[in-house]
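Let chain A serve as the given structure and place chain B on it in line with the hints.
If you read the sequences in order, they're chains A and B.
The numbering used here puts the first sequence at residues 1 to 348.
The numbering used here puts the second sequence at residues 1 to 94.
These are computed hints drawn from the structure, not numbers from a lab.
Hints are all accurate, no fakes.
Listed below are the simulated SDA-like cross-link pairs for lysine to any residue, each with C-alpha atoms no more than 20 Å apart in a straight line:
no. : chain 1 : residue 1 : chain 2 : residue 2
1   : A       : Lys37     : B       : Ala61
2   : A       : Lys245    : A       : Ala265
3   : A       : Lys174    : B       : Gln46
4   : A       : Lys286    : A       : Arg299
5   : A       : Lys41     : B       : Pro64
6   : A       : Lys41     : B       : Glu66
7   : A       : Lys174    : B       : Thr43
8   : A       : Lys83     : B       : Arg44
9   : A       : Lys37     : B       : Ser62
No experiment lies behind these values; they were computed from the predicted model shown.
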Amino acid sequence: MYTQALDSPTPEGRPATAGGSAALAGRFEERIERDEKIEPKDWMPEAYRQTLIRQISQHAHSEIVGMLPEGNWITRAPSLRRKAVLIAKVQDEGGHGMYLYSAAETLGVARSEMLEQLLDGRAKYSSIFNYPTLTWADVGAIGWLVDGAAIMNQIPICRCSYGPYARAMVRICKEESFHQRQGFEIMLALARGTAEQRAMAQDALNRWWWPSLMMFGPSDASSTHTAQSMRWRIKRFTNDELRQKFVDITVPQAEFLGLTVPDPALRWDEAGQHYLTGPIDWSEFKAVLQGNGPCNQERLQARRAAHEAGAWVREAAAAYAAKHGGRGAQPRSAADTTSQRAEAPRHE
Amino acid sequence: MSDDWPLFEVFIRARSGLEHKHVGSLHAADARMAIEHARDVYTRRQEGVSIWVVRSSEIVASDPEEAEALFEPARDKVYRHPTFYAIPEEVKNL
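Here chain A stands alone, though its shape is the one from the complex:
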């Protein structure tokens, strides 16, 4: 799931040639121009490296924190099928976090450093996960809207100029589409259910619609990173372009469900062939990003508690590895098993 364009300070003010000769910078720009991929050991401008570290680690954190709102419903999923699906989805999000942390590490940042930044609150992650999941319909709305928005954001990153990030995104996008479909299926079941179930689905849409639109990041007019990231081919579309695409495909889906998008200003623009939305409340977005969303504290506390509770396991594993020379317990080979069985009578 879940990358988000977040505006936070970066060393972008630095000239592209910092730390390298103009010739290297020139060659780098040419490679980007030719749509070549940049690989970990290739020369790259420091600002490009830092921009990627920031974006990929925020993306990874979002996957990890993103497990929490949905994990909340695993024990209360309404059927065994729904529970199995939700576990698989949450496990995927964890896996996506792992692919992305690995990609970020190729740029020279340690996993422990990124984790520390998340746990001490310095790192940002997608604002969407600071909203609570109050009902089962929220699990449907997250799959349908939040994963839908994430896919819209992520597909262009499959063509990102940085090889490891692009490869991680290809893998993630492949796995992601079941997430969105299972969410829509939940919404459909509720929408076709009792009046109470329909109300639950509508309530979830009401609460998740605007935060989903905010997932695309600030509007182009106030996005400070977009231009440079597009020049570097980290980004291929602006925040507003992607948001518009999302609105255009999602509104008809809401209509199919018989639900109402909570935007009285929403209208179809025949001339532009787009749905036009009312204004987005960016003060809410900023407040959530700054740590004042409904669940910011709770999410970080849950991550910290998990990290601390797992400390003894990590220590034990490291001690075991040190004792056994880093290979760990080997599975008994078939030959061993056979010979032991054959020898067994002699020991009796």
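Below, chain B alone, put in the same frame as chain A:
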């Protein structure tokens, strides 16, 4: 500076008959745990029938700065490819 578990590179054989292919990396306390983590991280959808892991620190890589010296010499040897040779069309099975 880092108290991370060592990094391992993961190679997966998608099905028998194919070679193991690099799929990514992960941290693990030891090789056995690396295989177990690789199972969970890289084969949740039957992507593999066999896993190799190797410590990333054990991999020796060519230097991108030497790419020219290493690979340029092959560039002008087009005669290593079958299409270099002009054979009359009426000649069959060549």
